[in-house]
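Q: Build the full structure now, drawing on both the sequences and the hints.
The primary structure of each chain is shown beneath.
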Amino acid sequence: MSSLLDLLPQLPVSHGVTKLIEWITVHFSFLFDALENVGTKFMEFMTSYLMLIPPLIFILLVIVIAYFVNDRRYGLPFFAGIGLLYIQNQNLWGNMMNTLTLIIVASLISIVIGIPLGILMAKSSIAQKIIQPILDFMQTMPAFVYLIPAVSFFGIGMVPGVFASVIFALPPIVRFTNLGIRQVPEELVEAADSFGSTGWQKLYKVELPNAQSTIMAGVNQTVLLALSMVVTASMIGAPGLGTNVLTALQRGQVGSGFVSGFALVVLAIIIDRLLQSANKNHRE
Amino acid sequence: MSKLRIENLTKIFGNKQKEALDLIDEGKNKREILETTGATIGVKQATFDVEEGEIFVIMGLSGSGKSTLVRMLNRLIEPTSGNIYIDEDNISVMDTKALREVRRKKISMVFQNFGLFPHRTILENTEYGLEVQGIDKKERQKNAEAALENAGLLPYKDQYPDQLSGGMQQRVGLARALANDPDILLMDEAFSALDPLIRRDMQDELIEMQKTMNKTIIFITHDLNESLRLGDRIAIMRDGEVVQVGTGQEILANPANDYVKRFVEDIDRTKVYTAEHIMEKPAALSGEREKPANVLRIMKENNMSNILVVDKEERLLGYVTREDVEHLYEKGHENISKIINKDVPEIEPDVLVDDIFDVVHETETPIVITNEQSEIEGIIVRSNVIGAMTTGVQYDAIDPDQKAKETKEEINHE
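As given, the protein sequences belong to chains P and L, one line each in that order. First residue of the first sequence? That's 1 in UniProt numbering, and the numbers climb one at a time after it. First residue of the second sequence? That's 1 in UniProt numbering, and the numbers climb one at a time after it.
These aren't lab readings, by the way, just hints derived from the structure by calculation. Cβ coordinates follow ideal geometry from the N, Cα and C atoms, glycine included. Keep in mind that a hint or two might mislead.
Unchecked claim - Sample of chain L residues lacking proximity to chain P, with all beta carbon distances greater than 10 Å (derived):
#: 1; residue: N90
#: 2; residue: P255
#: 3; residue: A293
#: 4; residue: G332
What the hints assert, rightly or not - The list that follows gives simulated cross-link-like pairs (lysine to any residue, SDA-like), each with its CA atoms no further than 20 Å apart:
#: 5; chain 1: P; residue 1: K205; chain 2: L; residue 2: Q133
#: 6; chain 1: P; residue 1: K205; chain 2: L; residue 2: Q159
#: 7; chain 1: P; residue 1: K205; chain 2: L; residue 2: L76
#: 8; chain 1: P; residue 1: K205; chain 2: L; residue 2: K271
#: 9; chain 1: L; residue 1: K137; chain 2: L; residue 2: E124
#: 10; chain 1: P; residue 1: K202; chain 2: L; residue 2: R75
#: 11; chain 1: P; residue 1: K123; chain 2: L; residue 2: T96
#: 12; chain 1: L; residue 1: K97; chain 2: P; residue 2: Q201
#: 13; chain 1: L; residue 1: K331; chain 2: L; residue 2: R289
#: 14; chain 1: P; residue 1: K205; chain 2: L; residue 2: D162
#: 15; chain 1: P; residue 1: K202; chain 2: L; residue 2: V102
#: 16; chain 1: L; residue 1: K211; chain 2: L; residue 2: T247
#: 17; chain 1: L; residue 1: K271; chain 2: L; residue 2: P161
#: 18; chain 1: L; residue 1: K281; chain 2: L; residue 2: E375
#: 19; chain 1: P; residue 1: K202; chain 2: L; residue 2: T96
#: 20; chain 1: P; residue 1: K202; chain 2: L; residue 2: D95
#: 21; chain 1: P; residue 1: K205; chain 2: L; residue 2: P118
#: 22; chain 1: L; residue 1: K281; chain 2: L; residue 2: R238
#: 23; chain 1: L; residue 1: K271; chain 2: L; residue 2: D162
#: 24; chain 1: L; residue 1: K342; chain 2: L; residue 2: D324
#: 25; chain 1: L; residue 1: K271; chain 2: L; residue 2: H222
#: 26; chain 1: P; residue 1: K205; chain 2: L; residue 2: G134
#: 27; chain 1: P; residue 1: K202; chain 2: L; residue 2: G134
#: 28; chain 1: L; residue 1: K137; chain 2: P; residue 2: K123
#: 29; chain 1: L; residue 1: K30; chain 2: L; residue 2: R238
#: 30; chain 1: P; residue 1: K280; chain 2: L; residue 2: P161
#: 31; chain 1: P; residue 1: K202; chain 2: L; residue 2: P161
#: 32; chain 1: P; residue 1: K205; chain 2: L; residue 2: R297
A: Next up, the structure:
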């Protein structure tokens, strides 16, 4: 039997994908170059502006926001203050700002693409059937694999980092938006229809407001996934906390690796809790 | 011309709809069609008219297709075949835009679980129908506030639906549906989620409101008592088919088939029949200037312990007791006008038997049923009410018009 299977020639999948990516790289280079230039400039600009804020002011600002967002309780502002002081203390402030820029840009792009895609999926079962497997593919394919075309499209730096992060962070927001809209109680949708709403009116006045907390949960997931891509993205030259972790790994420096890794954990917890509290507040 | 008319309205769920339609034409039933095609019949060739200003109840158990039927009327569910006419406009063939106009202006819906938007205040909920029409904020708020005022809910306008009780939420649902002044109101199990006392209040309120607003109301329910209370006419549905259409009394008296018969067997008839169905004509009446001797003779002949007294225009004045008349007779008075007891319970012909119980308990004299001109239509004594409660009423045996005529002749004769 095995000899029978051996008769089948090996399919040139690898070759095909290589050719495809090469073709895309060549024919869309004008687009990729433009994106890379604009993207790099924008993100450098953004980081430098974030860096203009003195760390102390920045920390105080985060503490105040955390206090009000989290129902005027002291736990979160306290943790956020200590955590950011730790990052500043370990001389990771600049790296953190680079990471923050990467997360914000990747998350925003994911949201801007993801929410409309989610709406499309909720409205059309055909779209759902097509998009669903693509999302599965995006989430299960090891993230490192995205790095290769990202580099051939955009070279190395921040922009390919964002590209890889977006691919990784996009699926949850699409899925949650789809779920949120499909979960709006049937009776509310019928009520909207029965009063003669147009499709857009129904979407804006009834479906999106009622799907909001689910969509916000998706935003939360997307931001955290973007954050988790930071180390991976640093492999293709995206500056930030990930670079330190990567360097420590390559040099076998346990202490340095822990310091930067822990800074990432702190950042993740602050962002997550802030987003969750904001979402909860809104619901009440 | 009827306000709403549906013709052979059919809804089939699932595949092979065309095949299923053909099988319907061949007269196959729901189960046979499911077995041969796998398609489910939601509603099968429903046909009826609803008159303007009527409360038309569609009643059936769950799965009977009543909710599907009502949703086809504003095409929340697309009919598979058949026609729907509102004011002779065919709804079933309208394009999206025309349909939207109909939904905005002519037909509103009230939902079982209220269907209020949780993120909007009571006022914002109420103005929704006007908002989607693009009416400016000031005007739509004015209309919405008027609708809330009518429902007694204006003080709650800035609250959110989950801050209100179920009954109040449904009042909002109703106010919202009425805010854009539709001709037709679809009420899908509107009171079914409310507890029984609130439900009864809401039914009363609806009946009361309907007296002034005169909308055409299609009311869906699984509760026969509710149908009988509210419905000017009732359509009973089973397995997607309309099995009988008629007034409550017609359906109780002449059920179309065994299904309807079984259904109405346990019904409390005192909640269906009204005073005019159980009243009887008084054996005799007296004029106010009658001589005591004559009155006494009439009473003896008819074995009466008291007699109703009317004036020349046949309007009720009161009654006299046999004792008083005898007393008067002994004293040799000219007529009975001085001893007329004015304390007679009077009710209108359309009072439910159920509501007569209390009155009948508190009085020794017969209850008099009078019409708007104070003319006597008939009387009810305790035994009539008890009879109605235990054995029911033979609907066929009673013809209110006939009865009234006989009573009048009696008076003339006197």
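Q: What hint numbers does the structure not satisfy?
A: Numbers 8, 17, 22, 23, 28, 32 - these are the hints that the structure violates, sorted from lowest upward.
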